[in-house]
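Trainee: Listed below are the residues making up each chain.
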Amino acid sequence: MQKGAPVADIHSPVLDAEQRARNYWFLDGLPNLVTGMVLLLMGFALLAGQMKPERPLLVGVSLVAVVLYLTFALRIRQVVEWLKARITYPRTGYTAPPYLTEDSALSPGRKRRAWVLIGFMVGVILVTRFVESRWICLAVGLLAGVSLWLAIRKSEKVSWIDLLTFPVVGSCLTVFPVAPRDRLPFFVLGAGLALALSGTLRLVQYLRRNPAPSA
Amino acid sequence: MTPDLQKLASLDRVIHEPARLMIMTVLFATKESDFLYLQRECGLTQGNLSSHLVRLEEAGYVAIEKTFKGRYPLTICRLTRSGREAFEEYVYKMRVVSSSIS
Chain A
1 MQKGAPVADI HSPVLDAEQR ARNYWFLDGL PNLVTGMVLL LMGFALLAGQ
51 MKPERPLLVG VSLVAVVLYL TFALRIRQVV EWLKARITYP RTGYTAPPYL
101 TEDSALSPGR KRRAWVLIGF MVGVILVTRF VESRWICLAV GLLAGVSLWL
151 AIRKSEKVSW IDLLTFPVVG SCLTVFPVAP RDRLPFFVLG AGLALALSGT
201 LRLVQYLRRN PAPSA
Chain B
1 MTPDLQKLAS LDRVIHEPAR LMIMTVLFAT KESDFLYLQR ECGLTQGNLS
51 SHLVRLEEAG YVAIEKTFKG RYPLTICRLT RSGREAFEEY VYKMRVVSSS
101 IS
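Line order of the protein sequences matches chains A and B. Under my numbering, the final residue of the first sequence carries the number 215; numbering is consecutive throughout. Under my numbering, the final residue of the second sequence carries the number 102; numbering is consecutive throughout.
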């Protein structure tokens, strides 16, 4: 055994504390809720970009969706921190969020996973945009659901809502077909809705378990 | 007594106390945590945690900073460089001792 060897070990209390701190970030559902809202806005922005609205009101609404999406997407971390400072920290305390405790440089494994994810997203965009058959939506939905399950199955915080989203959206797009160009926005909207829903449920549970401290 | 076992006598007594060991472990694992988070993680009372933090701060192992996140006041605690080194040293000695016992 070498002095200065990593303290973190299997069954180490340090690793356990690290894991608990990482899970704490997601405990209140706020990151899921805000990410879900961003995806919903992105879906609306994508749909709005494809519409040719004739009424000025529709043009205004689509512009607002695009501006809100860009604002939220660029400031997502600050929005989550702002909400946590008012909801979470007074109730259960503050610990450094995972992006502050982890090394900024991505490990080779993470880089590989990121590239696989990007490749998968590009594949989904191309397939859903250019393949006419509506059954492709079901196939993509099932594949996305299985991939998501494989990616997050070890996480304690995996929710059945997150896992069922893509298969359900894929099934809906198969039963009620839309134009190929509208498929991707609907997938994004479905993912956003699911994340926002699972985040809201988690937030409600968290607020019930941790009432506001008395002044 | 074996030299390995003699390391028991040289264990850092500031860290060796169970409550302080819990605090050091949580702070080693997280970059920084506030008083309430530490209290919940370690299951200590306010007074108990406060006195142990003062002891660790006096030893130069923990830095305490009072700040705000939004309007919520936070007492942020983090390990200093010497605190981190002392904790690693403590874990190393405990491993040597436990492997010589078992």
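Possibly wrong hints are sitting among the right ones.
[What the hints assert, rightly or not] What follows is a set of in silico ranges between Cβ atoms, one per label pair, in the way DEER data are often shown: (1) A:L15 / B:E89: 39 to 49 Å; (2) A:G123 / B:E65: 21 to 31 Å; (3) A:V168 / B:M94: 46 to 56 Å; (4) B:T45 / A:L201: 44 to 54 Å; (5) B:T67 / A:P213: 40 to 50 Å; (6) B:F68 / A:R209: 20 to 30 Å; (7) A:L142 / B:V54: 50 to 60 Å; (8) B:M94 / A:S147: 49 to 59 Å; (9) A:L201 / B:M94: 20 to 30 Å; (10) A:F176 / B:E88: 58 to 68 Å; (11) A:C172 / B:A63: 51 to 61 Å; (12) B:G43 / A:A73: 31 to 41 Å; (13) A:S171 / B:I101: 52 to 62 Å.
[Said to hold, decoys possible] Listed below are several chain A residues computed to face chain B (Cβ distance under 8 Å; list not exhaustive): (14) A48; (15) T92; (16) G93; (17) T95; (18) A96; (19) R208; (20) P211; (21) A212.
Since the hints were made in silico from the structure, they are not lab data. Beta carbons: idealized from backbone N, C-alpha and C, even for Gly.
Trainee: Each hint needs a verdict: does it hold in this structure or not?
Mentor: Do the hints match the structure? See the list:
The hint said 39 to 49 Å for the Cβ distance between A:L15 and B:E89, and at roughly 19 Å that hint is violated. In this structure the supplied range 21 to 31 Å is violated for A:G123 paired with B:E65, their Cβ-Cβ distance being about 48 Å. Checked against the hint of 46 to 56 Å, the C-beta distance between A:V168 and B:M94 comes to roughly 51 Å, which is consistent with it. B:T45 and A:L201 have their C-beta atoms about 33 Å apart, which leaves the hinted 44 to 54 Å range violated.
The hinted window of 40 to 50 Å between B:T67 and A:P213 is violated, with their beta carbons roughly 18 Å apart. The beta-carbon spacing between B:F68 and A:R209, approximately 25 Å, falls within the hinted interval of 20 to 30 Å. Taken as a hint, the range 50 to 60 Å holds for the pair A:L142 and B:V54, whose Cβ atoms sit roughly 58 Å apart. A hinted range of 49 to 59 Å is violated for the C-beta pair B:M94 and A:S147, which are about 42 Å apart.
The beta-carbon spacing between A:L201 and B:M94, approximately 42 Å, falls outside the hinted interval of 20 to 30 Å. Restraint check, A:F176 to B:E88: a C-beta distance of roughly 60 Å satisfies the suggested window 58 to 68 Å. At about 54 Å, the CB distance of A:C172 to B:A63 agrees with the hint of 51 to 61 Å. Checked against the hint of 31 to 41 Å, the C-beta distance between B:G43 and A:A73 comes to roughly 40 Å, which is consistent with it.
The hinted range of 52 to 62 Å is satisfied by A:S171 and B:I101, whose Cβ atoms lie roughly 60 Å apart. This hint is violated: A:A48 has a C-beta 33 Å from the nearest C-beta of chain B, more than the 8 Å allowed. The beta carbon of A:T92 is positioned within 8 Å of a beta carbon in chain B (closest approach about 6 Å), and the interface hint is therefore held. Among the interface hints, the one on A:G93 holds; its C-beta lies about 3 Å from the nearest C-beta in chain B, closer than the 8 Å criterion.
At a threshold of 8 Å, the smallest CB-CB gap from A:T95 to chain B is about 4 Å, leaving the interface hint in force. With a least beta-carbon distance of about 4 Å to chain B, the hint placing A:A96 at the interface is held under the 8 Å criterion. Interface hint at A:R208: violated, since its Cβ lies 17 Å from the closest Cβ of chain B, which is beyond the 8 Å cut-off. Proximity of A:P211 to chain B is violated relative to the hint, the smallest CB-CB distance being about 14 Å (cut-off 8 Å).
For A:A212, the interface hint is violated, the least distance from its beta-carbon to any beta-carbon of chain B being 12 Å, above 8 Å.
Violated hints, listed in ascending order, are 1, 2, 4, 5, 8, 9, 14, 19, 20, 21; each of the other numbered hints is respected by the structure.
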